[in-house]
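Here are the chains, one letter per residue:
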Amino acid sequence: MNQWLDERLHISRLNDKFLRKAFPVHHSFFLGEITLFSLIILILTGILLALSYEPSNSLVVNSFDPGTADAPNLIPAAYHSALKINAQPFGDMLRRIHHWTANIMVAASVIHMMRVYFTGAFKKPREINWWIGMLLLIFAALTAVTGYVLPYDNYAYQTLKVIYSIAASIPWVGEWVAQAAFAGKFPGDGVIPRVYGYHIMLLPGILLGLTAAHMLIMIKQKHTQPQYAKRIAYKKIVGVPLMTQQTPIMLMLTLLFAGIVVLFSAFIPVHPVEYFGPPSTTPIENIKPDWYLLWVFGALAIIPGDLGFSLLGGDINSEFLGAIVLPTLILGLMFAVPMLDRSRENLYYAENPTNHPVRLGLGVGFMMLLIVWSVAGYKPELISAGILSNTNANTVLWIATFLLPALSFFAVQGIVRGIRSLREADARDRATFQAADD
Amino acid sequence: MTRFKRNDPEITRRKFINVAMGTTAAVGGVSLLSTLGAANPVFRLTPDKMPPLKGDLLVHAEGSKEGRPVRLEDLSIQLVRAWPMGKNENGEDVIRKGDPNNILALYRFPQGQLVAPTNLEATINGQVVAYSDVCTHAGCSVSDSDVNAGEMRCPCHSGQYDPKRGAVVTGGPPPRPLAQLPITQQGENLVVSGFFLTYPYPFTSKEEWESHIQEVEEQLA
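Protein chains in written order, with the UniProt record's numbering: chain A, 1 to 438; chain B, 1 to 221.
Incorrect hints may have been included.
[Unchecked claim] Straight line, CA to CA, 35 Å or less: simulated DSBU-like cross-link-like pairs of lysine-lysine: (1) A:Lys84 <-> A:Lys17; (2) B:Lys97 <-> A:Lys84; (3) A:Lys288 <-> B:Lys164; (4) A:Lys235 <-> A:Lys220; (5) A:Lys288 <-> B:Lys65; (6) B:Lys15 <-> A:Lys288; (7) A:Lys84 <-> B:Lys65; (8) B:Lys49 <-> A:Lys288; (9) B:Lys206 <-> A:Lys288; (10) B:Lys49 <-> A:Lys84.
Hints listed in this document are in silico derivations from the structure and should not be mistaken for laboratory results.
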């Protein structure tokens with residue numbers, strides 16, 4: 001049978017090419033795998049949710065609270081179907097698993113990128129995969145945001161309104177872009193079917209395609225090798241093959257990960273649609289985007305509103321600068337990371353971050369910047385709590401924007417110097433003792 | 001490269017393929033553009049999507065009184081949200097909430113607290129004032145401030161307004177004050193007496209807003 005299949009499908013070639021792929025043995029290499037498993041869980045739970053979801057914002061009578069014949073209680077069909085999903089056995093759980101996994105997928109991919117950055121794994125020949133990874137991160141965030149809108153409760157409605165106005169803030173073409181993207185003036189009659197199409201067809205398709213490219217390039221180029229591989233067998237690939245050694249590890253990781261997600265979902269509720277209620281004009285106090293977009297939110301909160309100006313008939317306002325120009329700059333900086341490295345040699349071994357203190361310091365400073373902006377997202381709370389006042393909030397947060405990243409850069413340089421001197425002392429001791437042994 | 005240009009009466013394979021690819025790209029590009037054009041549906045200005053018009057009644061937008069006319073005694077220095085209610089072609093009442101940007105904020109301050117740049121002519125007795133309740137920054141509904149009574153704060157990016165002084169921006173990112181809506185009292189009811197005095201959200205310039213007014217007037221004529 002093996003031979004029969006092999007003669008037709010060349011299984012042995014598949015085995016040699018892919019199934020024998022060597023995986024480096026180090027826990028930090030599991031981060032990418034966790035991202036991949038999250039995507040798989042998201043697609044599975046997403047299919048189940050889509051089966052019971054009604055993508056429409058036309059008004060229907062709320063079957064849980066129909067009102068009276070004269071004044072029926074009308075709510076959008078999408079919101080109604082979200083209520084119905086919650087009422088199904090395991091329905092709310094399914095929504096929570098989907099939501100938690102989405103958060104974990106973004107978190108795992110961010111930490112995965114940090115691993116790649118700090119160990120220099122973005123260097124030649126892996127620049128292309130860094131860029132594909134960046135696209136994956138951007139499209140994962142877009143998929144998450146569009147998923148946010150689908151329950152069409154008041155929270156989703158308010159979020160959608162801000163997203164619409166960000167799209168509309170693009171100079172010259174903004175209004176057209178926003179209307180084309182969200183099916184007419186906000187809130188268009190077809191906005192939910194439109195966003196549904198993005199969330200279940202377009203964006204997952206893009207994510208799957210990019211993931212496939214990411215994986216294939218990774219298999220072709222091989223993982224960077226951890227440092228121990230250099231000592232064991234220089235310039236040889238060290239690791240465990242996918243079949244049969246890595247597979248049980250992966251299965252175990254999947255089960256453990258799925259277990260943790262289910263545990264989270266069982267005890268920590270997310271996005272209670274009943275609490276927020278159907279779309280209304282009552283704003284939600286302390287509405288915030290998910291944590292990975294909080295930095296954009298915070299930047300918008302501290303950018304002064306009179307920053308805008310007119311250019312050739314286009315209106316360049318603070319919203320456009322804060323929500324489109326600034327993230328483009330930040331993402332552009334991240335895209336440019338492999339181009340800042342001028343080495344011509346191919347990189348085989350993951351680098352020790354402390355051997356590259358400037359890169360390490362810049363990375364830590366960059367993350368500190370995003371943290372400062374995320375804290376700025378809590379500006380109203382900081383003011384209400386009396387930590388900052390109305391007048392000094394922006395000043396303090398802008399000073400922190402520049403000061404804290406700079407401070408963390410220099411702190412990293414100091415710590416690295418300390419680590420190095422310890423290491424050198426170790427090496428000296430070893431040399432002395434070796435000399436004494438002889 | 002040859003020095004002699006070959007004079008072939010028939011079209012070469014390369015040329016044929018190039019022309020075919022060019023044609024395909026052109027046709028594909030045009031069809032993509034037309035598809036993108038179709039992605040943006042036509043906007044119809046129906047009575048429920050018109051801005052507050054002269055003669056519109058103000059009705060409660062939320063709470064137990066939702067849909068009922070706003071009375072003077074309902075108002076205080078606490079924000080009350082209202083919709084304008086007008087008539088459609090058949091003379092039936094229609095609440096103009098088809099455009100969520102029509103939501104209004106009503107306040108009633110003790111005599112003398114409302115000061116310029118509020119347009120006092122457009123208020124009731126210099127006490128009751130109506131603003132567009134849509135933040136000029138990102139279009140969220142603005143709420144009462146949780147720190148200073150009688151002030152407003154937008155929950156989205158913490159824009160702040162002072163409704164006693166023409167809703168000027170007192171903090172945060174909004175680029176301009178909330179638009180004031182002229183109102184009068186007719187019997188028990190609050191009635192709109194004209195268009196917004198300045199351009200409300202989502203309009204970004206005076207011209208845009210004026211052309212929108214023109215569109216509305218043409219539709220009504």
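Hints and how they fare:
no. : hint                  : result
1   : A:Lys84 <-> A:Lys17   : violated (47 Å)
2   : B:Lys97 <-> A:Lys84   : holds (26 Å)
3   : A:Lys288 <-> B:Lys164 : holds (28 Å)
4   : A:Lys235 <-> A:Lys220 : holds (16 Å)
5   : A:Lys288 <-> B:Lys65  : holds (29 Å)
6   : B:Lys15 <-> A:Lys288  : violated (58 Å)
7   : A:Lys84 <-> B:Lys65   : holds (28 Å)
8   : B:Lys49 <-> A:Lys288  : holds (29 Å)
9   : B:Lys206 <-> A:Lys288 : holds (32 Å)
10  : B:Lys49 <-> A:Lys84   : holds (31 Å)
When held up to the earlier numbered hints, the structure conflicts with 1, 6 and fits the remainder.
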